[in-house]
Amino acid sequence: MELFISALASLLNPTTLVLVLGGVFLGIVFGALPGLDTSMAVCLCLPLTFVLDPVDGIAMIIGVFIGGVSGGLISATLLNIPGTAAAMATCFDGHPMAKKGQAGRAMGIGIFYSFMGTLIGMIALITISRPMAAVALHFTSVEYFSIYVFALTMMASLSGKSLAKGLVSGFLGVFIACIGIAPIDYTPRFSFGSNNLAAGFNLVAVLTGSFAVSTVMKSIKSPTDLKTSDFGHATKMHGFGFTVKEYVRQIWNMIRSAAIGVGIGILPGIGASTSNLMAYSIAKSSSKYPEKFGTGIMDGIVASETANNATVCGAMIPLLTLGIPGDIGTAFLLSALQIHGISPGPLLFDTNPDLVYVCFAAIGVSVVFMVLLEFFGIRVFTKVLTVREYILLPVILMLCGVGAFANSNRTFDVIFLVLFGLMGYFLSGWGYPLGPMCIGFILGPSTETSLRRALMASDTGSLTSLLSPIAIVFYIISIVSVVMAVRNNRRLNKRLEEAAARGENVPDANA
Amino acid sequence: MKKNPVIEPIIIMVFGAVIFIASFSIETTVHSIAIGPDFMPKLLGVLFVIVGASMLPRALRAQKEQVVVEKKDVESTVPLTRKELAIKYMHFIEWGWTLLYALSLKKIGFLFASIIYLFVSMTLLTVREKKRNWPVIIIISLVIPTFVYILFRQEFFLMLPVGICKYIPINILR
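Order-wise, the sequence lines are chains A and B.
Taken in order, the first sequence gives residues 29 to 539; the numbers are from the working numbering.
Taken in order, the second sequence gives residues -4 to 169; the numbers are from the working numbering.
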């Protein structure tokens, strides 16, 4: 508790608060804008965080995350377009409620339960992280290798419609990470005598290029300019739009949805895009009035918004305790931490406990800003969301260039940012999801390092030395995880196809 | 014309084979280590070939099922105007322009390259519009790159490429 209070105190200075506020604002805007997402907002913030001290930088990035997941509810409720896949289920009841002339009530419920979801998730994060890290402290490189194998199963979860295409994308990411200096013995690989290639590809260039630049180019191809009139009477909000009695009636739904959110967040790769749908479908199946779901009732919004926001905190548990990201969003957070020279993992709780608690406190501060901004700033957001794409997209591309250059002071990275963007554009156009590629690029080097260390530490150097009781458990979980991921993807694709058949706007399952 | 579905797995397998063969040229300097720096690329090469091969049966089935329907290409008979062509291939034009921007950053410098880049990009992207809002395009092209350049160089000490700015006798720009 002391550490938490001291971390909170370190955030309560004007500069940090402004940075967190700016991060939450940017996150909400990117989360709400169809076609753009939280990961892109993080990419744009990365160059700014290079020059900030780690506390400010991490607090800002967390602000972007919290804002990003919640921002999706604005366009989901007001336009029936989920700004992010995490807000898919919010459309089901949020938009019908808005169409009944209760847009303010729908927004109020969404904002309040986004807050509650994050709060419950944060409590789970603080409670679970420390004991989990204490256990992980006893792990050797053998166990770490098995954990990385488990984390790489995220590729299967992020594969979308085709597992094979997801794997190809993931292997491509690992291969791109192989270019440059090899770990352990520092041998150059595939550098062809070029110093730039020997230094390897910049994390920001690969992630921003393949994700952000390709997304911007897709938006250029199919523009989706919004008009202020599209938002109707969204800006009139009176309180959160529900009574104490209604709140009491939703307590069980809220707790159950938050538990689903945290649980799914901990599992690698599944993420908020599944948790909101799962929480919604469980809320519907266990309801006394399932026929009312989809007509604009409070229960649907509560389930979706509590679950997707709780997932953000759930995904941070494996990130902070084991150093493996729970979803693509936390993979970007992992990159941000690595850029600041911080390696998340169990040791972080001993070497930098203050930084861990800064993450916890930053979630608390961000969620308060998120509520205040969305509640009082809804008029501003509806205006910002109508900024024309011909202005927004070139400016985003320019800022992506700044991000790529800032990381290593090389124009080589800016050139490759564009080329990776081109690669990402074509790959996603041919049905290859980009998430596995990013995961492969981030986790590939750590997996290789732990594998080589584990084999070096053994006397025999044979593959049997990669087996230990804990490692075997993780290998088994990895197999189960792949099977479950494939099943979940099939179900999710089926649901998205059904939603598309009903004429609803659905986000790309591969995104 | 439809893409031949077999090409995709073949490309993946060839790519895997190239990686595998190229991995033999990686020099291993430390021989006492159980696996060398060439292990991961070789493994990836094999995995690419396996996944490509696993995609092949489905691709072959898809190729058989692919019914070639000879249909009259209506679009090709009507020639597109220059404007329609520009709209259709806008994202590729923008791509080429962005690549040119990236290549010119070092020589021209961030500030001027970005001003020109934003101006041309916004002009290109408004090709669909009936009337361009020139004041907005000009103001944004000038203000945003200048603000970013000065902010990063002066406040964050992040040395964005100076390029031709070094010839301008204004301290804040150099």
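Careful, some of the hints might be misleading.
[Claimed, not checked] Taking lysine to any residue and the SDA-like style, the derived pairs with C-alpha atoms no more than 20 Å apart in a straight line are:
| id | chain 1 | residue 1 | chain 2 | residue 2 |
| --- | --- | --- | --- | --- |
| 1 | A | K246 | A | L491 |
| 2 | B | K78 | A | L491 |
| 3 | B | K37 | A | M484 |
| 4 | A | K320 | A | P124 |
| 5 | B | K83 | A | F454 |
| 6 | A | K189 | B | V1 |
| 7 | A | K249 | B | T118 |
| 8 | A | K273 | A | I325 |
| 9 | A | K316 | A | V276 |
| 10 | A | K249 | B | V122 |
| 11 | B | K125 | B | I82 |
| 12 | A | K246 | B | L119 |
| 13 | B | K126 | A | F218 |
| 14 | B | K125 | A | T414 |
| 15 | A | K249 | B | E124 |
| 16 | A | K411 | B | I132 |
| 17 | A | K189 | B | I133 |
| 18 | A | K249 | A | G457 |
| 19 | B | K37 | A | F218 |
| 20 | B | K101 | A | N223 |
| 21 | B | K(-2) | B | V13 |
| 22 | B | K125 | A | R416 |
| 23 | B | K83 | A | T414 |
| 24 | B | K37 | A | I209 |
| 25 | B | K101 | A | T439 |
| 26 | B | K37 | A | I325 |
| 27 | A | K316 | A | Q366 |
| 28 | A | K320 | A | R277 |
| 29 | B | K37 | B | V1 |
| 30 | A | K246 | A | T439 |
| 31 | B | K37 | A | G457 |
| 32 | B | K37 | B | R53 |
| 33 | B | K37 | A | K189 |
| 34 | B | K83 | A | S250 |
| 35 | B | K37 | A | L491 |
| 36 | A | K273 | A | N223 |
| 37 | B | K59 | B | T118 |
| 38 | A | K273 | A | I283 |
| 39 | A | K249 | B | V115 |
Keep in mind the hints are simulated off the structure, nothing from the lab.
* **Distance restraint between B/K83 and A/T414, which requires alpha-carbon spacing of 20 Å or less** => Given that 20 Å is the threshold and the Cα spacing comes to 24 Å, the pair is violated.
* Asked: Does B/V1 lie within 20 Å of A/K189 when you go C-alpha to C-alpha?
  -> 18 Å, holds
* To do: Take the C-alpha atoms of A/K316 and A/Q366, compute the straight-line distance between them, and say whether it is at most 20 Å.
  => 48 Å, violated
* For the pair we were handed, A/K189 and B/I133, check the Cα-Cα distance against 20 Å. => The given pair, whose Cα atoms are some 44 Å apart, is violated under the 20 Å limit.
* Given the proposed pairing of B/K37 with A/L491, does the C-alpha separation stay at or below 20 Å? -> Holds, at about 16 Å.
* Are A/K320 and A/P124 close enough, with their CA atoms no more than 20 Å apart? -> 11 Å, holds
* Are the Cα positions of A/K320 and A/R277 separated by 20 Å at most? -> 16 Å, holds
* Does the alpha-carbon distance linking B/K37 and A/M484 stay inside the 20 Å limit? -> 19 Å, holds
* Below or equal to 20 Å on CA atoms is what counts here, so check B/K125 against B/I82. => 13 Å, holds
* Is it true that the CA of B/K37 sits at most 20 Å from the CA of A/G457? -> Cα-Cα ~28 Å, so violated.
* Taking only the CA atoms, is the gap from A/K249 to B/T118 under or equal to 20 Å? -> Holds - the C-alpha atoms of B/T118 and A/K249 are around 15 Å apart, at most 20 Å.
* Could you grab the alpha-carbon distance between A/K249 and B/E124 and see if it respects the 20 Å cut-off? => Since the Cα atoms of A/K249 and B/E124 sit roughly 15 Å apart, the hinted pair holds (cutoff 20 Å).
Figure legend: structure checked against the earlier numbered hints; hints not met, in rising order: 1, 2, 13, 17, 21, 23, 26, 27, 29, 30, 31, 32, 33, 36, 37.
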